[in-house]
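**Q** Now for the letters of each chain:
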Amino acid sequence: MNLYRYASPSAFYPLAGKLIPWFAIPATMLFVVGLYIGFFVAPTDFQQGDAYRIMFIHVPAAWMGMFLYVLMAFYAGIGWAFNARLSSMMASSLAVTGALFTLLSLVTGALWGKPTWGTYWVWDARMTSTLILLFLYVGFLSLQSAIDDARRADRAGAVLALVGVINVPIIYFSVQWWNTLHQGATIRILGKPSIAPPMLAAMLILLAACWLYSVAVVLIRLRCIILEREQNAAWVSEGAV
Amino acid sequence: MNWSEFFAQGGYGFYVWGSYLSALILLGGEVILLKRRKQSLRKRGGRDPR
Chain L
1 MNLYRYASPS AFYPLAGKLI PWFAIPATML FVVGLYIGFF VAPTDFQQGD AYRIMFIHVP
61 AAWMGMFLYV LMAFYAGIGW AFNARLSSMM ASSLAVTGAL FTLLSLVTGA LWGKPTWGTY
121 WVWDARMTST LILLFLYVGF LSLQSAIDDA RRADRAGAVL ALVGVINVPI IYFSVQWWNT
181 LHQGATIRIL GKPSIAPPML AAMLILLAAC WLYSVAVVLI RLRCIILERE QNAAWVSEGA
241 V
Chain W
1 MNWSEFFAQG GYGFYVWGSY LSALILLGGE VILLKRRKQS LRKRGGRDPR
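Line by line, the protein sequences are chains L and W. Reminder that position 210 of the first sequence reads as 210 in this note's numbering, one-by-one numbering, no gaps. Reminder that position 46 of the second sequence reads as 46 in this note's numbering, one-by-one numbering, no gaps.
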């Protein structure tokens with residue numbers, strides 16, 4: 001089987017359609033399990049009371065916002081360098097979901113900040129760099145919609161996406177590089193996490209749920225973009241394949 | 001634990017439920033808008049290529 005043939009939108013369209021339920025259904029199940037553990041199993045925090053439960057959605061949202069940006073820049077770059085239009089369509093599809101998760105991390109962060117820090121917003125390094133991430137997503141999307149020719153829009157978007165990648169390590173390390181109000185990482189790649197097991201479980205399960213959800217909605221949107229862009233191609237207009 | 005305690009979330013109900021409600025609105029809204037986009041494409045195109 002030649003995997004490269006799936007780089008063609010007409011071949012990828014039906015494959016994506018078959019893949020979607022395999023991500024959407026486990027995502028729904030993990031959302032239910034994660035929320036159950038988060039609200040009924042995880043104990044009340046001795047310092048923050050129940051306000052800490054915002055973490056279960058805030059942290060996955062923030063991670064997805066950063067991760068989807070890197071992925072979007074990667075696909076946009078591949079689409080530009082190898083003139084692969086499906087790859088560019090993937091970048092456009094990722095941008096919307098990435099922007100939503102970034103917005104969600106800012107909203108939940110503000111709602112968590114009020115009871116714990118006494119303020120919804122401060123111009124702290126992590127929050128400011130996350131706001132810049134949201135602006136990069138919005139910039140990418142508006143730049144693309146401002147240019148009529150799809151391939152030119154893809155190239156312009158790729159430049160913006162690739163330049164903006166520099167912001168992601170800035171967000172990640174901001175809590176170490178600057179003296180910020182935002183707390184440091186709870187989960188480290190090396191070493192033990194500093195939270196109780198059920199709290200960690202709820203957060204990781206919701207992270208997996210957000211990841212599976214993202215794959216599902218990005219594939220659904222990708223299929224819409226393929227149909228919109230290829231509407232004049234024979235395989236779409238004739239219902240072929 | 002009773003339900004009114006559960007909804008109060010130790011006095012942080014507004015912040016906790018506000019967070020999860022905004023998650024529901026953003027993610028649920030994304031799914032609904034995508035469904036509509038798909039339907040309008042299907043109407044315009046007539047057939048769904050498979």
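Just to be clear, a hint being listed does not mean it is correct.
[Stated by the list, open to error] Taking CB as the label site, the calculated pair distances span:
id: 1; chain 1: L; residue 1: Ala196; chain 2: W; residue 2: Arg36; range: 56 to 64 angstroms
id: 2; chain 1: W; residue 1: Glu5; chain 2: L; residue 2: Thr119; range: 21 to 29 angstroms
id: 3; chain 1: L; residue 1: Val122; chain 2: W; residue 2: Lys38; range: 24 to 32 angstroms
id: 4; chain 1: W; residue 1: Leu24; chain 2: L; residue 2: Val159; range: 34 to 42 angstroms
id: 5; chain 1: L; residue 1: Leu181; chain 2: W; residue 2: Glu5; range: 26 to 34 angstroms
[Unchecked claim] Taking lysine to any residue and the SDA-like style, the derived pairs with C-alpha atoms no more than 25 angstroms apart in a straight line are:
id: 6; chain 1: W; residue 1: Lys38; chain 2: L; residue 2: Val165
id: 7; chain 1: W; residue 1: Lys35; chain 2: L; residue 2: Pro26
id: 8; chain 1: W; residue 1: Lys38; chain 2: L; residue 2: Lys114
id: 9; chain 1: L; residue 1: Lys18; chain 2: W; residue 2: Ser22
id: 10; chain 1: W; residue 1: Lys38; chain 2: L; residue 2: Ala196
id: 11; chain 1: W; residue 1: Lys38; chain 2: L; residue 2: Phe12
id: 12; chain 1: L; residue 1: Lys18; chain 2: L; residue 2: Leu30
id: 13; chain 1: W; residue 1: Lys35; chain 2: L; residue 2: Lys114
id: 14; chain 1: W; residue 1: Lys38; chain 2: L; residue 2: Leu19
id: 15; chain 1: W; residue 1: Lys35; chain 2: L; residue 2: Trp211
id: 16; chain 1: W; residue 1: Lys38; chain 2: L; residue 2: Pro43
id: 17; chain 1: W; residue 1: Lys38; chain 2: L; residue 2: Asp124
id: 18; chain 1: L; residue 1: Lys114; chain 2: L; residue 2: Pro43
id: 19; chain 1: L; residue 1: Lys18; chain 2: L; residue 2: Lys114
id: 20; chain 1: W; residue 1: Lys35; chain 2: L; residue 2: Leu181
id: 21; chain 1: L; residue 1: Lys114; chain 2: W; residue 2: Ser22
Bear in mind the hints are in silico, worked out from the structure with no lab data behind them. For every residue, glycine included, the Cβ atom is placed at its ideal position computed from N, Cα and C.
**Q** For every hint, state whether the structure bears it out.
**A** Hint check results:
Checked against the hint of 56 to 64 angstroms, the pair Ala196(L) and Arg36(W) fails, with Cβ atoms roughly 42 angstroms apart. Checked against the given bound of 21 to 29 angstroms, the beta carbons of Glu5(W) and Thr119(L), roughly 27 angstroms apart, stay inside it. At roughly 41 angstroms, the beta carbons of Val122(L) and Lys38(W) sit outside the given window of 24 to 32 angstroms. Under the hint 34 to 42 angstroms, the C-beta atoms of Leu24(W) and Val159(L), about 35 angstroms apart, fit the expected range.
About 30 angstroms separates the C-beta atoms of Leu181(L) and Glu5(W), a value consistent with the hinted range of 26 to 34 angstroms. Between Lys38(W) and Val165(L), the direct Cα distance comes to roughly 31 angstroms. Violation of the 25 angstroms bound is thereby established for this hinted pair. Straight-line distance between C-alpha atoms of Lys35(W) and Pro26(L) comes to about 19 angstroms, which keeps the hinted pair within the 25 angstroms bound. This hinted pair does not check out: Lys38(W) and Lys114(L) have alpha carbons roughly 39 angstroms apart, beyond 25 angstroms.
At roughly 30 angstroms between alpha-carbon atoms, Lys18(L) and Ser22(W) are farther apart than 25 angstroms, so this suggested pair is violated. Of the pairs offered as hints, the one joining Lys38(W) and Ala196(L) is violated, with about 43 angstroms between alpha carbons and a cut-off of 25 angstroms exceeded. At roughly 17 angstroms between alpha-carbon atoms, Lys38(W) and Phe12(L) fall within 25 angstroms of each other, so this suggested pair holds. At roughly 20 angstroms between alpha-carbon atoms, Lys18(L) and Leu30(L) fall within 25 angstroms of each other, so this suggested pair holds.
At most 25 angstroms may separate the alpha-carbon atoms for a hinted pair to count; Lys35(W) and Lys114(L) exceed this at roughly 35 angstroms. Pair hint Lys38(W) plus Leu19(L) holds up; C-alpha atoms about 17 angstroms apart against a cutoff of 25 angstroms. This hinted pair checks out: Lys35(W) and Trp211(L) have alpha carbons roughly 20 angstroms apart, not beyond 25 angstroms. Taken as a hint, the Lys38(W) and Pro43(L) pair is broken in the structure, with Cα atoms around 42 angstroms apart against an allowance of 25 angstroms.
With a C-alpha separation of about 40 angstroms, the suggested pair Lys38(W) and Asp124(L) falls outside the 25 angstroms cut-off, and the hint is violated. A threshold of 25 angstroms between alpha carbons decides the hint, and for Lys114(L) with Pro43(L) the separation of about 21 angstroms falls inside it, so the pair holds. As the CA atoms of Lys18(L) and Lys114(L) are separated by approximately 44 angstroms, the hinted pair breaks the 25 angstroms bound. Straight-line distance between C-alpha atoms of Lys35(W) and Leu181(L) comes to about 40 angstroms, which puts the hinted pair past the 25 angstroms bound.
The hinted pair formed by Lys114(L) and Ser22(W) meets the criterion: a straight-line CA distance of about 16 angstroms does not exceed 25 angstroms.
Of the numbered hints stated above, those contradicted by the structure are hints 1, 3, 6, 8, 9, 10, 13, 16, 17, 19, 20, listed in ascending order.
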